[in-house]
Amino acid sequence: MAKQSQNPYRHPFVRWIEHRLPIISFFEHTLKHYQVPKNLSFLWTGGFIAGFMLVVMIITGILLAMHYIPHPDHAFDSVERIMREVNFGWLIRYLHANGASLFFLVVYMHMFRSIYYGSYKSPRELLWIIGMIIFLIMMATAFLGYVLPWGQMSYWGATVITNLFTAIPWVGDSILEWLLGAPYVGAPALNKFFALHYLLPFLMFLMVFIHVWALHTNGSNNPTGVEPKTAEDTIPFHPYYTVKDLLSITAFMVIFAFFIFFAPNFFGEPENYIPADPMVTPAHIVPEWYFLPFYAILRAIPDKLGGFVAMISSILVLFALPWIDRSKVRSLTFRPISRALFWVFILDVIILGWAGAKPAEGNYIIIGQFATAYYFIHFLILVPLVSRFEKPSGLPESLSAYYKNSCHD
Amino acid sequence: MNATREELSEKGKKRRDFITLTATAMGGVLAGSIAWPLLQSMNPAADTLAESITEVNLAPILSGAALTVIWQGKPVFIRHRTQQEIAEAEDAPMSALPDPQTDKSRVLKPQWLIVTGICTHLGCVPLGQKKTEPRGEYGGWFCPCHGSHYDTSGRIRKGPAPTNMIVPPYTFVKEDLIRIGESS
Amino acid sequence: MLGTFDRAAAQRGYQVYRQVCASCHGLKHVRYQYLQKIGFSKAQVKAIAAEYQVRDGPDDEGEMYDRPGKPSDTFVGPYKNKKAAQAANNGSYPPDLSLITKARAGGADYLYALLTGYQELPPANVDLVPGKYYNPYFPGGQIAMAPPLLEGVVTYDDGTVATPKQMAHDVTTFLAWASEPELEQRRRLGIQWLIFLSIFTIVCYLLKRSYWKIIKKKSSNS
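So the protein sequences, as listed, match chains A, B and C. The working numbering applies: residue 1 is where the first sequence begins, and numbers increase by one. The working numbering applies: residue 1 is where the second sequence begins, and numbers increase by one. The working numbering applies: residue 1 is where the third sequence begins, and numbers increase by one.
Everything labelled a hint here was simulated from the structure, so no lab data went into it. Even for Gly, the Cβ is constructed at its ideal location relative to N, Cα and C. Any given hint might turn out to be false.
[Said to hold, decoys possible] Partial list, computed: chain C residues near chain A (C-beta under 8 Å): (1) F40; (2) A87; (3) R104; (4) L189; (5) L194; (6) S198; (7) Y205; (8) Y211; (9) I215.
Please put together the full structure from these sequences, using the hints given.
Following this line, the structure appears as structure tokens:
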């Protein structure tokens, strides 16, 4: 084998390691020699922050699990014990609770960036799909985790969402019982949810590795959507993007710290500080904010199965995005009509989220229904049509040419 | 395209090195300040540490008998020593003790020996509370895990244990009533 | 930002809780020891704890027994369990107050408004259920709790005049503290973290700029 002669390192210990496990060269390739378009904006640091948040969630989660008791008689009290008795328990719990919200915030920005700059387009379809799988696992993890404190919202959220499965014809009820380990949300379900909530993040971690692997295969997209052509177009990841990611992380941490220390219950519901009571449903059940748009879609269809199907479809349609969007040009910067549609779509998602937070009555339902209709019209009619016929304008020759102009500004 | 250090001016190099050093130092402080509370959370919680007191009525314990009570999740040995046991404990020469302590310094009243019933070797509970159990070569306790022998003052005499069994804080509330966990 | 609890008000609030609220409402997540944090002395806390009877055991005969409370115990509630509480209150459950300001939209303000918001005569269009009281701040407007803070129901140890408003203010302070005993430490740490992280962000910005300066320069020249 020529491996020995390829070993480029001088230090004997480094050589020794490299010969047995080429991990040193692996890190050099992924950090130093990995060439990245030089024009990535701060939106491209979202992936790194999301990865950072995953680690924060796993670490704080493991520490919380050391004190948490997954049993209906003790769950609420054990969380309260963490808040009052465990050293810095309040800090760790608030890190975890607010972390979930900010994690979603960052992931949504990451996804919207991909959509705006066409990062899901060939040859990055799989990268996008793996990302969507991560998103699905993340939603499941968040839902399971929200049940654990066993407050009123935990309990009723779990009841309502798991009851969705009864919408499935014939086998729905059996699936529900299988999921809950009982015909109702109780001790078996809580214990099971805890086990799964602990497991899924590690699955996410694995998927993140595959996500990065896929990313490094074809490299990052960039704000112009034009692939790098010459050496002039790219720079090494380290140090340029390590310092940029670092700056993003620190700025992000300022915001994170603000919520933890000064508004720790901003994203939460007061109702969840009331212990779960199977006899009393709270007046307004709302999911956490990051589920609100999907929740609004669920409620928009006045049919049990229909609502369920619509909600699932609203997520599944994103998987197909690389084939729904037919345009050869990635970045919406050079596709004015699609760009306008993108912002209308964002507005639609915000309206959905707003409608999802409102009680299910009167005009809120009608607004939710219109917004739901538009959501599907966007993906199933507008994007396929516009992407086929729209003429791109101002597409630059190379990303360097575009970057040069933006540097002069 | 790689802008190396050499492309910077002398002043620029110094400046960047200084900023890098500052950022590294602050990053270190940050990592430490994050790690500290996280690690602290694994230490005993406030309610676990909260003052825990066990009251024991000594009256039913006859001379020569013993009682085991639980204090802070650990067994505490209470032995009503006989005159002979007291004499043995007091007469032991200091030179024969791996962890020299006088018997007087280990009791409040000579007939009552109160020690945490945990072998100082690796934490097993020694035998000898019942008369039917082996009490080791010195008439106190014998740890079956690795063969440590304790005398009638709970002091290590033979075997791998490094120190004497620990005397917990306790106080006599009345003639026959002690409170473990409250020092006198 | 650096909110602290008014110690004197919190202590008076404890007195209101003890003499008025505690006959129906528990405070089960709070240990007596924590009262030291709002300024009670160790001896006072010991005396307060000893006023309560704590169910403990089993003893050597296997029986449960009552003993005086210790500072390390949590507050003993007025009822054995939820059913007993409902049975004693015409089916309404007086909630535990340990988390009351966190568990209600509006928090401490809601609590104060509720305590001072009772109206003797309901508006004409309200059909008051027998055994309920009219309070516009309570969801639905009809609350099972009788107006608790009547003139002179408490005589303050520190000589403050116990008007209903004063009592409502004090007990709200006490219960806000009971809900978030970590608040003061949290905000103090928060200030330190925000300052440190802000400076660190500035340093990282300078670091990033020092590297990117060359890239930007080269790109705009080429």
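Hints, verified against the model:
1. For F40(C), the interface hint is violated, the least distance from its beta-carbon to any beta-carbon of chain A being 17 Å, above 8 Å.
2. The criterion of a C-beta within 8 Å of any C-beta in chain A is not met by A87(C), whose closest approach is roughly 15 Å, and the hint is violated.
3. The beta carbon of R104(C) is positioned within 8 Å of a beta carbon in chain A (closest approach about 6 Å), and the interface hint is therefore held.
4. Interface restraint check for L189(C): the shortest CB-CB distance to chain A comes to about 6 Å, inside 8 Å, so the restraint holds.
5. Here the hint on L194(C) is kept, as its CB sits about 6 Å from the closest CB of chain A, short of 8 Å.
6. With 8 Å as the threshold, the beta carbon of S198(C) comes within range of chain A, its nearest partner Cβ sitting at about 6 Å, so the hint holds.
7. Against a cut-off of 8 Å between C-beta atoms, the interface hint on Y205(C) holds, since the closest Cβ of chain A lies about 6 Å away.
8. With a cut of 8 Å, the hint placing Y211(C) at the interface with chain A holds, because the nearest CB-to-CB distance is about 5 Å.
9. Because the closest C-beta pair between I215(C) and chain A is about 6 Å apart, less than 8 Å, the hint holds.
In terms of the numbered hints stated before, the structure departs from hints 1 and 2, listed from lowest to highest.
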